[in-house]
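Chain X is already provided as a structure; the job is to place chains Y, W, C, B and U on it using the hints.
Protein chains in written order, with my numbering: chain X, 1 to 282; chain Y, 1001 to 1282; chain W, 2001 to 2282; chain C, 3001 to 3282; chain B, 4001 to 4282; chain U, 5001 to 5282.
Hints are not guaranteed to be accurate.
In silico PhoX-like pairs for lysine-lysine, Cα to Cα no more than 25 angstroms straight-line [as the list claims (entries may be wrong)]:
id, chain 1, residue 1, chain 2, residue 2
1, Y, K1030, W, K2274
2, C, K3265, U, K5037
3, B, K4171, C, K3171
4, W, K2265, Y, K1030
5, B, K4273, C, K3030
6, C, K3171, U, K5171
7, X, K30, Y, K1273
8, B, K4030, U, K5037
9, B, K4037, U, K5265
10, Y, K1171, W, K2171
Pulled a few chain W residues facing chain U out of the computed Cβ check, cut under 7 angstroms [stated by the list, open to error]:
id, residue
11, A2096
12, F2097
13, A2257
14, M2258
15, D2262
16, K2265
17, L2268
If the Cβ cut is set under 7 angstroms, some of the chain Y residues that face chain X in the computed set are [claimed, not checked]:
id, residue
18, A1084
19, R1142
20, L1220
21, I1221
22, K1224
23, G1247
24, L1248
25, I1264
Note that these hints are calculated values from the structure, not bench results.
Built from N, CA and C at the ideal position, the CB exists for glycine as well.
6 protein chains.
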Amino acid sequence: MSQNDYFYEYFNVTFPEEYVAHVEINRPEKLNAFIEKMWLNLSLIFTRLSTDPAVRTILLTGAGPRAFTAGLDVQAASQSGILAPSPTPLDPARKAFLSIAHIQEFQTCISAVERCAKPVIVVLHGISYGLAVDLSTAADIRLATKDTQFSVKEVDIGLAADIGTLTRLPKSVGSMSWIKDVTLSARVFGAEEAAAQGLVSGVYATKEEAIAAGLEKARLIASKSPVAVLGTKELVNWSRDRPTEDGLRYTAVWNSAMLQTDDIKDALMSGLKKTKPKFSKL
Amino acid sequence: MSQNDYFYEYFNVTFPEEYVAHVEINRPEKLNAFIEKMWLNLSLIFTRLSTDPAVRTILLTGAGPRAFTAGLDVQAASQSGILAPSPTPLDPARKAFLSIAHIQEFQTCISAVERCAKPVIVVLHGISYGLAVDLSTAADIRLATKDTQFSVKEVDIGLAADIGTLTRLPKSVGSMSWIKDVTLSARVFGAEEAAAQGLVSGVYATKEEAIAAGLEKARLIASKSPVAVLGTKELVNWSRDRPTEDGLRYTAVWNSAMLQTDDIKDALMSGLKKTKPKFSKL
Amino acid sequence: MSQNDYFYEYFNVTFPEEYVAHVEINRPEKLNAFIEKMWLNLSLIFTRLSTDPAVRTILLTGAGPRAFTAGLDVQAASQSGILAPSPTPLDPARKAFLSIAHIQEFQTCISAVERCAKPVIVVLHGISYGLAVDLSTAADIRLATKDTQFSVKEVDIGLAADIGTLTRLPKSVGSMSWIKDVTLSARVFGAEEAAAQGLVSGVYATKEEAIAAGLEKARLIASKSPVAVLGTKELVNWSRDRPTEDGLRYTAVWNSAMLQTDDIKDALMSGLKKTKPKFSKL
Amino acid sequence: MSQNDYFYEYFNVTFPEEYVAHVEINRPEKLNAFIEKMWLNLSLIFTRLSTDPAVRTILLTGAGPRAFTAGLDVQAASQSGILAPSPTPLDPARKAFLSIAHIQEFQTCISAVERCAKPVIVVLHGISYGLAVDLSTAADIRLATKDTQFSVKEVDIGLAADIGTLTRLPKSVGSMSWIKDVTLSARVFGAEEAAAQGLVSGVYATKEEAIAAGLEKARLIASKSPVAVLGTKELVNWSRDRPTEDGLRYTAVWNSAMLQTDDIKDALMSGLKKTKPKFSKL
Amino acid sequence: MSQNDYFYEYFNVTFPEEYVAHVEINRPEKLNAFIEKMWLNLSLIFTRLSTDPAVRTILLTGAGPRAFTAGLDVQAASQSGILAPSPTPLDPARKAFLSIAHIQEFQTCISAVERCAKPVIVVLHGISYGLAVDLSTAADIRLATKDTQFSVKEVDIGLAADIGTLTRLPKSVGSMSWIKDVTLSARVFGAEEAAAQGLVSGVYATKEEAIAAGLEKARLIASKSPVAVLGTKELVNWSRDRPTEDGLRYTAVWNSAMLQTDDIKDALMSGLKKTKPKFSKL
Amino acid sequence: MSQNDYFYEYFNVTFPEEYVAHVEINRPEKLNAFIEKMWLNLSLIFTRLSTDPAVRTILLTGAGPRAFTAGLDVQAASQSGILAPSPTPLDPARKAFLSIAHIQEFQTCISAVERCAKPVIVVLHGISYGLAVDLSTAADIRLATKDTQFSVKEVDIGLAADIGTLTRLPKSVGSMSWIKDVTLSARVFGAEEAAAQGLVSGVYATKEEAIAAGLEKARLIASKSPVAVLGTKELVNWSRDRPTEDGLRYTAVWNSAMLQTDDIKDALMSGLKKTKPKFSKL
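Chain X with its partners taken away, still in its complex shape (with noise of 0.2 angstroms):
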């Protein structure tokens, strides 16, 4: 597929190297909120770099300079969306049922980017409330500007964050306790706080050099045998949720059919050689 394949409304997808994709979220006069029509597209785009051949690492990115997003929007979600009154006069149960369906079909959107199967390296910077720590936790790798303001928002409109960010925090950085002050307080911190925390592991001064930096890890991991690099990211994931047993069994059972890759030997010969291996496409 080429760059023309990949026109979707609120989003810039380009290719700037070989095998990597840069999907930016782009509404920035409006700090990059998210309304519902975005976070469809969000998945659209995910689902299919997920097995496009010509993509083997994916960068994420917000527009503008002032936010990666500044989360829902919430304005429209009040007044359409999924916060909005339900025009017909339902009782509690039937809301509720409705409400299932919406909040499932947004999570398994914002899912697409941990579903997906290539590692996407994510870019924080400016405003990053809410679905932004949804978003990001659902990615591989997170780095921020060192002017980023991270929040997880959601309690300051009333609700619990429902499309990620509690269930994937646990199992993305390990002090509960820091875990627990952050959603429970909704307050705002710095890169530097969040690098501390393990939530992010690289603090850039300017959003150039993150990017720039993204990028190069972006290349990096791009260079490598790709059966290597989805086995890996699909193990990590799978352990992460399941006991060590489990774990071990299903890696095994995994690298059954990876290990008759030519990419071993491909690798084995450059190393011999000297040489830069290129791996064919998957």
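The following block gives chains Y, W, C, B and U in isolation, referenced to the frame of chain X:
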């Protein structure tokens, strides 16, 4: 309920702010060491606070300058408590039956802090041995004074900690090497080390400052929508222990009722009006 | 058993202190790279130490100045080992069957370190690639010299790490972003970074100092009640992989027998008498 | 304890044989329909029997000729109980909070039968609707008279059964098609069908015969080693809910204490001497 | 929606009764064997029925006198479908990646029957091989004609069934010995045997009688509160796969919203008035 | 390998058909009661058969007319085996450590039947007590003669069965009431009852007929694609113990390699040509 309803021996329960309860372990002449009556009362207090509509966050501290708690009162336990020889001769299987029942009772008392629907902020200071770690890992947010001396002390009296520490430490901090180090060696470690490892998320110069900070945090959280706050505690705790899919699913079902709260409307309206929202009681 | 019973090719097993075993990987001329005989012997050694009543803690190190281990001996594996082409033509399914069996055998050998009932303290130094991470995450406490070079090297030879690293890293450190970074990029990282992320819990200037520190820690743990120490390892490992409720329940059942040890009485008595307790053999 | 200690309204508790307790639901004029006081008392009774050393097995039946129990007393529940409208106006989220607490309390009461360490044999007869199924699936052995009319009645009053039936039926019988059939249709089914599906394991012509058979079974089990019997209940229940590996491991740890019982020696000796063994109290 | 909205090739979708949909697999000239288009359409149909407020139960049958379905159309699959050789040469690892994606897509289509919120009653007749078992174990209630010939046919074409049968059979019937017998031998078994093992819960003389019975059951369930019915399907399915504690907890949270339905009041009122309740749409 | 390689005391291993092994427990003068040497040998045999390319199915029977096995040789176990008093005085905790190790060793031996990659068909006859049930529930298909006397005998010697029965019975048959009945009462039950409950899936008049039927079944399964057969055993066993989602996922990954077998082509071709396929060795 009022303060008058909360008379429990060895504990002071006060209400320093609207919606904030302060539970103080009060046996300072024995370094707040626990005898059986204390864990029974602890459980009664937190079970009651859990459904008290006048309470939205809870601060847990230890009385006196020297210790949050020195842990189990080993002397008392050896004489008449859970470490005492059984009065009638029993075979080891029958002793084991009694023992399982006793340990589970004790665990259930400490777990009352985790089961409590409201967030619990614990401030540790001075000697914080054994049960101090069991107890504080069952709380949500851990703060400490810089003179706090932590120790998972149990191996020094010949037993593996069985009231919660060995189960909850791997779910509270990230470094397994450090967890094994402190649980196997029973060595004392300080507040800075605890903070570096993520066990506590704030260190303060004095007990007064730490309690003030804890109280400030409690007040902040108590000012938020209680529906949002209680859901956040519940959903983080559930997700911590289960695969991502089960975390997301439970979250969707939970919020199917909780999104029908008036708190969202109240919070959004206050946001527009720049006023402080008032949320009704639970 | 005595030292004489522990002759295993490529390993030195010594007993530098009462109750402390020291296992040294001994193929320094090949940077301690592993061939099949080595992981088989490793498993035999740790399985035996696990029930040797003369052993209470184990130190694991690598011989020579340059490497803890450079990982799999890729050259040997390509010629006659697990990366070698199969001699008879087999369809991919039949190769996969053999492969599952081989990977599980290899995993089982490395997991012998985790299954070993006694705590294992590993000291890493110099080159610590691939299998070094698989092996050390199966141990309990990780220490390193400041010149240690870690790398989850497997993607560089075209495969996802399958002997334990991808399963155990998410259970060993807190930052998922960092885990993905090092496992996807295969980049080398140093001891300070490993310590900051919680992978190791001590960094020392030289190999001598690191081994001295490891030995000191081993001696300290070996001086404690073995009933308490072995239970602590078991209960932390079980709880790490399971929900809190299952962790607490298993703990109660485990301790129903273990609290009937004489070690508690001995420990308490020594505490009163200010003497050092002596615990009987397991 | 003696019979005098077991006065609980709506229940008759008697001790027809050594080590056998008989709990009879006693509100026959209302077809033994349950009001809140009854499930609270049920829980108190089984919690107490669980640790009463004079009790080794328990028979559970319903008074009167017409019904084991007709289930929840819907009329009472609609007026002042869990189906009653809440007196103060609450938003649906706040109602949901109260509801979760109420359902969990009710579930916990019924689960007291399962948590009870001693085996519970239930004899159903006549009308056995709704709560009758919740209650009997929490018991260990189910017997019925041939006139028993079972029904998972809840959908007929507009709700999914939430006190245990929908959770425990899939763990009590094998045919999922049949489970869905009876839970979705609320149709009445008889004892022969229940026996064919494995829900009950004995069908008797009259209530007298059924109770006699239940009592005979209770007496038989009560004559066995209580260590063996209680362990058997515990280990089957644990294993039912967990993977085979976790079942085996827990079993090994459980028996590490329980095999140290004198009962084994007593049982073996009686076997040799052809006498009936007497086992000491728990 | 109306019948006009449900035109999907190879399927007839009709609405024989209020709230009842009838889905007929319609490729009788090929014994209703499945080609790719069919499972894609099956998924679209059930996904749509799941949220169609005019539908409360679904009947699933096969057109023609000879077969419910003969399973996968092996000939078509060998030529251009999932058993076809890949057109471009790929190493076994790359083939495996494609294969995982294909199998998961196929599984997801069949699982649409299980994910469908409304109960699905399947009526099997005649040849019911391979996919017939995958498909019917994803449904809720299974009925059959007495001439039904079942077979888990996959081993006869050289593969382990991978679209659901091997996963769902152990959750559908009780006898593991029987499951292994039929899945390992691929032998044909009849309706009486299926009924005796609990795989089907009704056997009828002719297809007409079976469909009439299925329709009667569908009508009965459709007459109940849809809130109660949908919750019952959801809670049984969730509990089947998880420990009792998690089943009970999820049930309490689910019902916290669902008990706020007007259906309970409507059902109770109808009960008093001896009228047939009418429940509003979902 | 040939028959000559399978000399193990107390067992006869023969190869009555191509690809079929017959393992006979051979201590008929003691009713095939097990001593330690026997379970060690059993494990060695099944571990070896698991990877023997000349074997595709295994028949397991007991020698002599009177018993499949009477279970543990209690007399031997009391004198020098696992029920014997420990020679050196140990505190109960230390005894418990040894006990856990012994039980796990014993469990691991019996589980060798389940771990064996090839399907195991067991034919029970005559006395089949205790270990007979542990052993046969670890097998895949259970057949019996009509004179078989089953008993979960362990409670009669004062212990809860700990080698597999209590864990695997709830995963082998559907009726929990029946499981509790037979495990708590230790009563003897016959083959018809075992068949009605689904424990066995075939009952035969004589031992000869039963063995002939078992052999016929073994031959039939051995004639199928070994890739398909081994996968079927693996995937049913994995799915039995895990949620549906994990069952489906593991299945997809497993088959990603296994679908690349030549067996599919061979099976399809034979189907077209109406010949009997020959599959190459594993």
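For the pair supplied as a hint, K4273(B) and K3030(C), confirm whether the alpha-carbon distance does not exceed 25 angstroms. With a Cα-Cα distance of about 20 angstroms, the restraint between K4273(B) and K3030(C) holds, given a limit of 25 angstroms.
Interface restraint verdict for F2097(W) against chain U (beta-carbon cut-off 7 angstroms): Since chain U brings a Cβ to about 6 angstroms from F2097(W), closer than 7 angstroms, the hint holds.
Tell me if the interface restraint on K2265(W) is satisfied: Cβ within less than 7 angstroms of some Cβ in chain U. Violated, because the Cβ-Cβ distance from K2265(W) to chain U comes to roughly 9 angstroms (cut-off 7 angstroms).
Mind checking the CB of K1224(Y) against every CB in chain X and telling me if the closest is under 7 angstroms? With Cβ-Cβ at 5 angstroms, under 7 angstroms, it holds.
Chain U contact restraint for L2268(W) - C-beta distance below 7 angstroms: violated, 15 angstroms
The hint names A1084(Y) as touching chain X; please verify it with the least Cβ-Cβ distance against 7 angstroms. violated, 35 angstroms
Restraint outcome when M2258(W) is required to lie within 7 angstroms of chain U by C-beta distance: Result: holds, 5 angstroms to nearest chain U Cβ.
Given A2096(W) as an interface hint, is the shortest Cβ-Cβ distance to chain U below 7 angstroms? holds, 4 angstroms
Against chain X, is G1247(Y) within 7 angstroms by beta-carbon distance? holds, 3 angstroms
Sort out whether K1030(Y) lies within 25 angstroms of K2265(W), counting only the CA atoms. Roughly 22 angstroms separates the two Cα atoms, so the pair holds.
Do the alpha carbons of K1030(Y) and K2274(W) lie within 25 angstroms of each other, as the hint requires? holds, 20 angstroms
For K4037(B) and K5265(U), compute the direct alpha-carbon distance and say whether it is at most 25 angstroms. holds, 23 angstroms
The structure shown violates the earlier hints numbered 8, 16, 17 and 18.
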